[in-house]
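Undergrad: These are the residues of each chain, in order.
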Amino acid sequence: MREDHFIVIGNGPAGSQAAFTLKEKAPEARVTIVTKEREGCCHSHLLPGFLAGSISEKKVFAISLDHYTKSGIKLRTGQSVVDVNPQRKEILLEHKETISYSGLIIAVGGRPYIPEPLLAYREHLCTLKTFQDTGTWRQLLPAADSILIMGGDLTSLAVTKSLLALKKKIYFMLTGEAFWPLRFDKALQEEVSGKLTKRGVTVLAGNKLVGIEPVRSGSCRVYVDGQKIKVDMIGAFFGLVPDIGFLRRSGLQLDRGVLVDEYLCSSHEGICAAGDCAQIYHPEIKDYWVSIGTKNARSLGKIAAVNLAGGRKKTRVDRERIFDIQGVKVNTSWWMEF
Amino acid sequence: MKTSGRILAQKVQDIQTSGRLSIRSASLPTWCPGCGYFGIHQGLNNAIQQLSLPHHSIVTVTGIGCAGRYAFFNNTYSFHVTHGRTLPVATGVKLANPALTVFAIGGDGDGLAIGGGHLPHMARRNINVNYLLFDNSMYGLTKGQPSPSSPVGTKTKVSPAGTFEMPLNASLLGLSYGTTFAARLFAGDPESITQALIEGIRHEGFSFFHIYTTCLTFDKENKTWEHLKERVHPLPQKYDCSNLSKAMAHILEDDFSTGVIYKKS
Amino acid sequence: MPGVDLTIEICGMSGDGTIAAGTLLNEALSGAGFSIIGFDSYPAEIRGFGRCVTRSRFGTSRMLALSDHTHVLISLDDQQAISRISMLGKNAKVLFDNKPAGTVQEGMSIAAHTAPDADLYGMPFTDLASEAAGTTRGKNLAALGCFTGLAGIDPRFFYTVIEKKFRAKGETVLNANLNSFNAGLTYAHTHFEDAPLVITAPAPEKKKVQRIMLSGNAAIARGALDAGLALYFGYPITPATPIMEYLAKTLPQKGGKVVQMEDEISSIGAVLGSFYAGKRAMTATSGPGLALMAEMISLGVMSETPAVIVDAQRGGPSTGLPTKTEQSDLHAAVFGGPGDSPRIVIAPTDVAECYQFTLKSFELAEKYQTPVIVLTDFFLDNRVENVAAADISGKKRVDGNIYPPKKEQGRYQRYLVTPSGISPRALPGSEGYIYPATGLEHTEAGLPDYSEPVHMQMNAKRHTKIRQALADLPPPKEFSQKGPLDLGVIAWGSSFGAALEAVLKARKKGLAVGALKVISLFPYHEEQIRQFMSRCRRVLIPELNFQGQLANLIGHLHHGDVVRFNRTTGTPLLPSEILLKIQELLQKDNT
Amino acid sequence: MSNKIIYSKQQEDFDYIAVNIPCQHACPVNTNIPAYIRALFESHHSSSYAINAMANIFPGVLGRICSRPCEDMCRHGEKELGNPVNICHIKRAAADLNKTPAEPLKPLPPCGKKVAVIGAGPAGLAAAHDLALAGIDVTVFESFDKPGGMLRYGIPRFRLPRTILEKEINRILKLGIILKTGVHIGDTLSLTSLLENHDCVLVAAGCYTANQLNTDGEDLKGVFSGLDFMIDVCSGRKPAVGKRVLVAGAGFTAFDCARSALRLGAEEVTICLRRTEEDLTVTADEIFQTKLEGVKFNALMLSRRILGTQKVEAVEFVRTRSGVLRPDGKREISEIKGSEFVLPADSLIVATGQTPLELTTGDGKLAVTDTASFTTSMSGVYATGDYLSGPSTVIEAISMGRKAAEVIARRLTGKKYRKKVVRMQETQVTDRLRAWDFVPRQAMPAIQGTTARLKSWAVEVETGFTAQQAAEESKRCYLCYLHYEIDIDRCIYCRYCIDVAPRDCIKLVDRIETNEHGAVTGLHETSVWKDVNAVVIDNARCIRCGECLRVCPVDCISVTRVELMEQGPPSDSSIAEHKNA
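Protein chains in written order, with our numbering: chain H, 1288 to 1625; chain X, 237 to 501; chain A, 295 to 885; chain L, 45 to 625.
Bound-form chain H, shown alone (with noise of 0.2 Å):
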């Protein structure tokens, strides 16, 4: 008999998370995870943390790579996956590796979104994901006294809180697109915007975004529905994109996500998915929604898991927590922090 190979996309908190659940629950089978990373687990939701002093490295990297191997994870940094072939059941790294798996959990979290328009002036925008988004933040940072913050996410406010830490001037344009693919009402709209200015923060709601002008090294010149300011760096956030092109011509069904049941269960059989790229939906809630947030990210793992492993285990929606805006709920924990 063949043995299982369970492979997890991904070694964010899910990722992970899902990694060491199902080497607990089947601890024969082989477990693997290929991550595109060249580091172990990162919490981003540490990072602006992290660039403001506040937080170490070693608390933003949570798993020593020692455990993996410890466990019994094969743990594959720095690799890509490229397309997954359910039929097969097999996975393609990008330098063109084929393996296959009996379970697989798709956990690769997004990447940060850019609305199309802003495209154009994307090497103006600085995003904080991953590890090695900190580089450029900590090599502009110090020469920068004003920013100006595009979007309104969770990590926005999050950065916010370290810039404003840092003694920063802080520009804040609060876009409807934020919570891609939501919006915000203007009840909501408000109730931010008196938050942010209440903490000093010039927050311009509402203008439209005319161009972007590059003034000298980092400086910018943001021309704003006929006002203009200069900045010495712009932070894009517009929430996160779930990063499963590489899904594209797998035949599992995508939306904006892996579109998965309350147990996490993609259409195809072995096939879950968990963490920020799963978009469930919920029989409780009657819609679809996404986790946002460490916390959630790793519940969702660990659930992912048991189901793979041949549990049955659903999802828990926390009503009080779901946000809800023009019909698409996103469940998440932070929101009160702020």
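Calculated from the structure, these hints are not laboratory results.
Every residue, glycine too, gets a C-beta built ideally from N, C-alpha and C.
One should not assume that every hint holds.
Claimed, not checked - Here are some chain L residues the structure puts well away from chain H; computed CB gaps all over 10 Å: (1) Lys190; (2) Leu219; (3) His228; (4) Thr320; (5) Gly338; (6) Gly397; (7) Ser417; (8) Arg476; (9) Glu516; (10) Ile587.
Unchecked claim - Okay, the calculated beta carbon distance ranges per label pair: (11) Gln512/L / Lys1573/H: 49 to 57 Å; (12) His568/L / Lys458/A: 47 to 55 Å; (13) Lys1345/H / Val473/L: 57 to 65 Å; (14) Glu124/L / Val503/A: 43 to 51 Å; (15) Gly566/L / Val1369/H: 22 to 30 Å; (16) Gly126/L / Glu457/A: 28 to 36 Å; (17) Asp476/X / Glu735/A: 52 to 60 Å; (18) Arg1425/H / Gly383/A: 45 to 53 Å; (19) Ala490/L / Lys458/A: 43 to 51 Å.
As the list claims (entries may be wrong) - Think about it this way: if two alpha-carbon atoms lie no more than 20 Å apart in a straight line, the pair counts; the simulated PhoX-like pairs of lysine-lysine are: (20) Lys1361/H / Lys1376/H; (21) Lys482/X / Lys500/X; (22) Lys381/L / Lys1573/H; (23) Lys393/X / Lys458/A.
Keeping the supplied structure of chain H fixed, place chains X, A and L upon it in accordance with the hints.
TA: Same frame as chain H, but now just chains X, A and L:
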């Protein structure tokens, strides 16, 4: 012109059924892709198949060098001996068991340099051994040094100004030593190799096959595929292979004719 | 700032241009001012199968030996490079081609085997080369470019060496290579913006030392050239052929000749003939060739004809392991051949010594009228070091010949018995000194004579003569503190560097350990060796052979414990394993 | 090398084309793509245009708005090989760069037969084109004022300039076709009366009945059908859409409606998808351009009710669940009960498809009886295009039009006009360089900045390749019509070809698998030397670099140019010759 898939599939099937490739080893030859030795390999294997020789009745004795590796690519009894010493070992094998078909295989360095002293005595003894000398005028396995058959002026790393030595003509040597069967062949023409080998294997006595081939890795000037294909041609139609002096005269005149040069009747 | 000590490996299939890439890398890093020791290994098969590895250790202090671990692995062929993973240290960088010809099964890519801490850099070497130069041949250059970009090394060091290497092949070839290199460089810059492995070149030396990147083989050839070599005779054999290649290019410019003979027997024969007639000649071979020469070497001993033979050792016995390194010809070199046939055997331990002792060997051969065997090995021959130019040039050439005095004219006895055992030697062509030279036992006049006293007298003459040579031979060199030692490490040839590094490290740990370098293997400096040994509680002799051939030769000089450390894996000894052995031995002593 | 040409009608060879020239096979009219790309690369713009026109009749139009089934199949788009060749835009370049007016086609001498074509859309015009070439007297009846059908009334000008359209329609009409516009069949003229004056009638009236949602509120002000909306827009009228526009639908029409709505002043336009963005059949370029202009997407939702008193105020949707892919390539969806939600809107454009506006006969409605033979319930009346099949793409409509014309012409004259053949000719290796495989897909230049785009309806968003860009893109084509083959009888198994091959396209095989027609379907590989019965080029993997041929020591590799062609009416032959020049 594009062949019908049906015909193509059938051809492959026929090769399988004929069993003519079953003499090959399981592992792929380690010669450089594109090496002329593959053509000789093809020619020899076809001859063995056409003569229906049982594979276990064949002994292949090989020397040192790329040609020496032949011992590992065919599924016959084979003996990979020291540099240049194929013919003495082959002599022993044949004398010990005359029922065996014995091939001695070596390159031009092995057969004309270090082992050059053995050919005359092999011819004198006229023992029924088939000696295939792969002549690409190059030491390949030691990464490109000139061989005794390299033309004057051959430039290699050890002869950057070109060699000054006159090349040996293996066919002429064979004839002058009194070889009773001599053929000159070309690796790019496996079909004629097969025909000559069939004749030579049947010949009672020492048969000498001087085969022009390439070393495409180290020889970019002399015995390249391009040059050989341009120059090699069959023996004249009315050629008489039973006349030694005429054969020698012909060899002296024509460096690139191929076929059975001499056969003592 | 801590000094740099990094090891880079390039591994591919033969045909991938691995060695060429390694050479360029070394030259470039040497240009950047690092000390380098590099080592390639290549297979007997040209392309069929077989792995090529070049391994370079470079750093800011002098590099004595290879290191345990590789810090950067550049894979030009994953199937081959997978076997190198065991060499990788922590957080090693692995550069590999992520666009192979087709998809591969799990495990066929190097990425399947690296540890999670390894940093993988998949880069399409082949495609980059194809795109930049229209041919996949430049993939090695593309890989180098990728590395250079990643490491943040100034590419100008590479442009210089690429230009130097390919200029002669014409503009097209040069540009193809430069383009491939630049494609890799750009790729690394654009895809891995923050160079993850920044290598800082050492500060320029106060007094600029001119350094030359040289292999052991090239150093031998240069030594021979500076000795005034007139003729070189050889037969191709791994790993000695590069000496012939080097000389073939250079010797004719100095009026000499390189002749490829039909075998080793004829090669040594021609060398003897040349010296007989008064011209310096040399041959280089490896174990199998040395064995063929055994009879001719004893002819040299018997006929008291000088000869210089380089034996580049490889794995044996017989054809053995042509591309593996081993130090197992010591017995054959010292004792091989029929009869009691003493000869001089010297073993250089690094590239500079290859030069110095090859040069010296001609003088010794002439002076003591004997074959001199310079014993090197695959590792020493093929390793490259960037040696100071001063160490490998300008050494004085000494004519070792002792010609008969004029008064001997007309009554010259070629094999005259003297207290030193050395008889003046006349050269053919000089009037009044005609004599026969022979391999038969002979009288002082050179006439055959098998009588008891003659054979005994002549044997004694030949041995006396060789013992006399000790005075001219490089003595053992000691690296230790004064006074008693807990352990003395004695090593020879290519293994000495590793032994010394191990001893230096052990001393840093506070251990009372010393090292002794033995260069002259026959005759050997009994007194000095004995003296060193007497200060050691124990002696450790690490060498790359099965029996412990040096230990066999000199072990009896020690009254205490002689520990042999032998390994025949075909790869060079490493400082770490010797250090481990030292620690193990001293620990045992303490418990 | 002989110059022998073989014309084969063996099924095996058609099967070969299907696998090995995937682009040509995927094209409904089997445009000879490698040939026109190669012609363009060689700067033979007019022959590149002619090769196109021969098969698809409207190169300039299709080069802009074709749905590009070919690109989905292009070998350059295989996983490891990058992106498909921009076949469509090369076609456009052939039209844009072709400065010599297309040679007038010469119809066969009149045969005395007359056919009426109803509808001057792509299907009708394509059919008229072929019928006229066969020497048949053709009259086209069009209900709109101008010919073009959906090309003119369904596609906005910013995607298809009218000058291009008119030029290519005129090229067809010049064949002697009589066009009567503003004629509604059934109103002033019945099918029966048409039959009296014509030997046959071909109905190519398209699909002009918009699908309804069949929900409450559909008659509220602010609810548009996508079809009517586009007809209005294309006719120069300006429907009032308000600020917030929802578009229900997922096809090109929905996209055109959304982008048109922006140009009508809408501030927030959202396309509501029943399925997901992944399931869209609209090209990636189109999606990108639409997003760039600011249109939003929402997925997995189905409109249920339109809310409002007089005008639309909001729309109620229900969540959907996506299911398995159906054989027709569409994904199953199902509503999720109880998941209703409401989105506010000022207008709703329903672009969820169309059905034919059915014609009537004396006995009732005209029904299609057999889609394969284009027959209807009325003898002598044929149907084609969207009328026959329901909504399709332009290239499919052209294909149907041409096929229907062939059926009619054969029935009227008893002659066969178009026969598919596989043409094979031994040829030589090309000048393609391996480096060309790494040329990136050239992006279609487009006007940057939404302000400039939305300024005028006449601004064409995509500006077209320059000659240099087109040539650069053409370099990328592997020229799959070249077939490389090793002669097994002469091969010495030296593997030199494999050594130089850029990918695993040459294989050591012990067995070749074929289908029932004899076409190669599989190569059974082995690495056991004694089982290596042949070294075979896998044409399905081959990227035609020619390296193998250049190195083969025994010259046993040949190149055959294999093309799927039509032996058309004699007048086509001039083009065929032209092309081979």
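Undergrad: A separate judgement is required for each hint: does it hold in the structure or not?
TA: These are the hints, each one checked on the structure:
1. Lys190: For Lys190/L, whose nearest Cβ neighbour in chain H is about 35 Å away, the distance exceeds 10 Å, so it holds.
2. Leu219: The claim holds: Leu219/L sits with its nearest Cβ about 44 Å from chain H, beyond 10 Å.
3. His228: holds, 43 Å
4. Thr320: Not fine: 4 Å to the nearest Cβ puts Thr320/L too close to chain H.
5. Gly338: Not fine: 6 Å to the nearest Cβ puts Gly338/L too close to chain H.
6. Gly397: holds, 22 Å
7. Ser417: holds, 36 Å
8. Arg476: Per Cβ check, Arg476/L is outside 10 Å of chain H; nearest 23 Å; holds.
9. Glu516: About 23 Å separates Glu516/L from the closest Cβ of chain H, which puts it past 10 Å; holds.
10. Ile587: The claim stands: Ile587/L keeps its Cβ more than 10 Å from every Cβ of chain H (closest is about 16 Å).
11. Gln512/L / Lys1573/H: 49 to 57 Å: The hint (49 to 57 Å, Cβ to Cβ) holds, given that Gln512/L and Lys1573/H are roughly 56 Å apart.
12. His568/L / Lys458/A: 47 to 55 Å: holds, 50 Å
13. Lys1345/H / Val473/L: 57 to 65 Å: holds, 60 Å
14. Glu124/L / Val503/A: 43 to 51 Å: holds, 50 Å
15. Gly566/L / Val1369/H: 22 to 30 Å: holds, 25 Å
16. Gly126/L / Glu457/A: 28 to 36 Å: holds, 33 Å
17. Asp476/X / Glu735/A: 52 to 60 Å: holds, 59 Å
18. Arg1425/H / Gly383/A: 45 to 53 Å: violated, 27 Å
19. Ala490/L / Lys458/A: 43 to 51 Å: holds, 48 Å
20. Lys1361/H / Lys1376/H: Holds - the C-alpha atoms of Lys1376/H and Lys1361/H are around 18 Å apart, at most 20 Å.
21. Lys482/X / Lys500/X: holds, 13 Å
22. Lys381/L / Lys1573/H: Answer holds: Lys381/L to Lys1573/H is near 8 Å, not above 20 Å.
23. Lys393/X / Lys458/A: Distance of about 18 Å is within 20 Å: holds.
The structure fails hints 4, 5, 18 (numbered hints given earlier, in ascending order).
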